[in-house]
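Work the whole structure out from these sequences, hints included.
Here is what each chain is made of, one letter per residue.
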Amino acid sequence: MAPKSKILLLGAIDHQPALSAYNALSPLATLVTTSATSPQDFLTECTRPNSPLSGTLIIYRTFASISITGPINSSLIPALRALGVRAICHNGAGYDQIDVRACCTAGIHVSNVPQAVDASTADTALYLLLGALREFHAPTVALREGKWRGEPEPPLGHDPEGKVLGILGMGGIGKNLKAKAEALGMRVLYHNRREVDGEEGYRGFEELLREVDVLSLNLPLNPSTHHIISTPQFNMMKDSIIIINTARGGVIDEAALVYALDSGKVRSVGLDVYEDEPKVHPGLLENPRVTLLPHMGTWTVETQTKMELWNIDNVRSMLETGRLKSRVPEQKDLPYD
Amino acid sequence: MKSPEEKQILLIGEILYATAAWRSLSALGRLRQLNEGNRAKFLADCRSGIYDGVNAIARTFDSVELTGRFDPELIEALPKSLRYISHNGAGYDQIDVDACTVKGISVSNTPGAVDASTANTALYLLLGALRRIHVPSTALRAGQWRGAMGLGHDPEGKTLGILGMGGIGGALARRAAPFDMKIQYHNRRPVAPEQNPTKADFVSLEKLLRTSDVISIHLPLSDRTRQFIGRKEINMMKDGVVIINTARGPIIDEQALVEALESGKVFGAGLDVFEKEPEIHQGLIKNKNTVLLPHTGTATYETMSSKNATGFDDGGRIELAESEGLHFDSILPLT
Chain A
1 MAPKSKILLL
11 GAIDHQPALS
21 AYNALSPLAT
31 LVTTSATSPQ
41 DFLTECTRPN
51 SPLSGTLIIY
61 RTFASISITG
71 PINSSLIPAL
81 RALGVRAICH
91 NGAGYDQIDV
101 RACCTAGIHV
111 SNVPQAVDAS
121 TADTALYLLL
131 GALREFHAPT
141 VALREGKWRG
151 EPEPPLGHDP
161 EGKVLGILGM
171 GGIGKNLKAK
181 AEALGMRVLY
191 HNRREVDGEE
201 GYRGFEELLR
211 EVDVLSLNLP
221 LNPSTHHIIS
231 TPQFNMMKDS
241 IIIINTARGG
251 VIDEAALVYA
261 LDSGKVRSVG
271 LDVYEDEPKV
281 HPGLLENPRV
291 TLLPHMGTWT
301 VETQTKMELW
311 NIDNVRSMLE
321 TGRLKSRVPE
331 QKDLPYD
Chain B
1 MKSPEEKQIL
11 LIGEILYATA
21 AWRSLSALGR
31 LRQLNEGNRA
41 KFLADCRSGI
51 YDGVNAIART
61 FDSVELTGRF
71 DPELIEALPK
81 SLRYISHNGA
91 GYDQIDVDAC
101 TVKGISVSNT
111 PGAVDASTAN
121 TALYLLLGAL
131 RRIHVPSTAL
141 RAGQWRGAMG
151 LGHDPEGKTL
161 GILGMGGIGG
171 ALARRAAPFD
181 MKIQYHNRRP
191 VAPEQNPTKA
201 DFVSLEKLLR
211 TSDVISIHLP
221 LSDRTRQFIG
231 RKEINMMKDG
241 VVIINTARGP
251 IIDEQALVEA
261 LESGKVFGAG
271 LDVFEKEPEI
281 HQGLIKNKNT
291 VLLPHTGTAT
301 YETMSSKNAT
311 GFDDGGRIEL
321 AESEGLHFDS
331 ILPLT
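So the sequences go chain by chain: A and B.
Positions 1 to 337 (UniProt numbering) are the ones given, in order, by the first sequence.
Positions 1 to 335 (UniProt numbering) are the ones given, in order, by the second sequence.
Please keep in mind that the hints were generated in silico from the structure rather than gathered at the bench.
A hint or two may mislead.
Said to hold, decoys possible - Computed cross-link-like contacts, BS3-like style, restricted to lysine-lysine with a CA-CA straight-line distance of at most 25 Å:
| id | chain 1 | residue 1 | chain 2 | residue 2 |
| --- | --- | --- | --- | --- |
| 1 | B | Lys158 | A | Lys147 |
| 2 | A | Lys147 | B | Lys199 |
| 3 | A | Lys175 | B | Lys199 |
| 4 | A | Lys147 | B | Lys276 |
| 5 | B | Lys199 | B | Lys232 |
| 6 | B | Lys288 | B | Lys232 |
| 7 | A | Lys279 | B | Lys288 |
Below, the structure is given as structure tokens:
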């Protein structure tokens, strides 16, 4: 009998229902981990003769595991292929840490976790939207310091009612946010690569920038969306616009954003993600008008559990059927064996 | 025809945004303003006749610092000419309405105008408390990225109990519905269908306390609702409940809430109002699972000026003030 295939866990599975589901894969495959703690260690472990990782068919990876492996790019992918890897299951919606094109070339299938993150990411966007419109940061800090509203009193905020929200990227998160924003009395417009069936309010990219009072970024980071919002785009926007980003820091030119905030072009922002996180631009940290969170869009017990279970479903599906449950859309034409 | 005696309108406190609308009332009477002093002086001035001839009073929430509460003692001292008290705010617990009624003084508040912005504040606090947002947002500003951030909870699938289904409660229900929350409410009486936009279930107080994952308070403060949520009520709640209060601080026994937060009975609290504001219980300030705002529920340009603006450049501020429909108009006789 041929030895069982291996599943390599990169990063941790934290939630009990998911741990049980993962361990339940052991009759189908050998579950292995790595002792590497740095990208260099990991590459050495992958490439050494008789590597314990040899025979790995599927990788389960987390966003944080980038500290162990570095980005999954062309310097690592051939080594993974040589181990026998045919699938990488990424526990997250955004998979910009993985070079999908290089995976296609190597015949490695990639899955992500869409949908499970939609509601909680949209919740975070809505929290940031209210925080940025109302400029709740300064009074929150003043209160905790025992100064009630602070001296002088913070400026009045703004109501979302009647304002126009522009959603850039109308996928699952964008649609979820739309319903929540409409319940606040906002009018919602959007731009997407293609108009979405059944969704009214489609605008061209520049039209959207010109028309909205609040702009929310809900698009994936890839080479064509990197710095999609920079100085020329800020210049097209209404004065005193509010910007929300729960997608990836790299879609905004952060230095240009700080400049636009300081000039007053942008009134406030609500950010969950940063260009060089965990580093945050000092011009953001020092700004009392902005609402900032440390990349915690999906940071809830319920959503984290759902995501882990979804990702394990991808692993199981690959083992049992040779196909992933939610392969990334760029690979729709890549043949399975 | 005899010309009517000159009317006087007394503003207690300040009008910051509707100055033009205030000035326009001079067509109806002589405008006077009180924006300094204290209760003893106000009572003495009333009794010595300084305000005789005042027909209407327009007052703000913060002006309680100048006069103290409009309690029976103060109402008794008000000039006999007084017919109207117009309170700028939804909650008018600073005014003893029964004592006004006995004296034939009409009291108005500003309902409706505050519903949306107060509900938005409640929603912000609800999301923040479920997510335990205080630790990560503070850590980030201190340059520590996430700090000792703990996992939060999703609103999706949870039961929201709305205590007091008036305009604000209904506005919160409408906002919470797309979060896939199951919504139930308790009120003295079931409300009419048009006040219940999400068709929330009417439940008894006990059922609301026992079965809600998040409880949001939208009651007016009165003798009946003071300390409405105390130890007994908190003990009836689910373990890990989240409590939101954007109504009035004294509706909750703050000490009991602090103890329940410390024991973990209450997972988190989102509060815009406090029992002795601006003083705040240290147990709330020290707690990592609270989200606290300094009574800013309605602090927006649009709500303060009751205008449904579509843009918000700073230049618009003057325009907003010009067009404000001052609530005062609604009760002042125009003849």
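Verification of the supplied hints:
no.	hint	in the structure
1	B:Lys158 to A:Lys147	violated, 34 Å
2	A:Lys147 to B:Lys199	violated, 41 Å
3	A:Lys175 to B:Lys199	holds, 24 Å
4	A:Lys147 to B:Lys276	holds, 14 Å
5	B:Lys199 to B:Lys232	violated, 29 Å
6	B:Lys288 to B:Lys232	holds, 24 Å
7	A:Lys279 to B:Lys288	holds, 24 Å
The structure shown violates the earlier hints numbered 1, 2 and 5.
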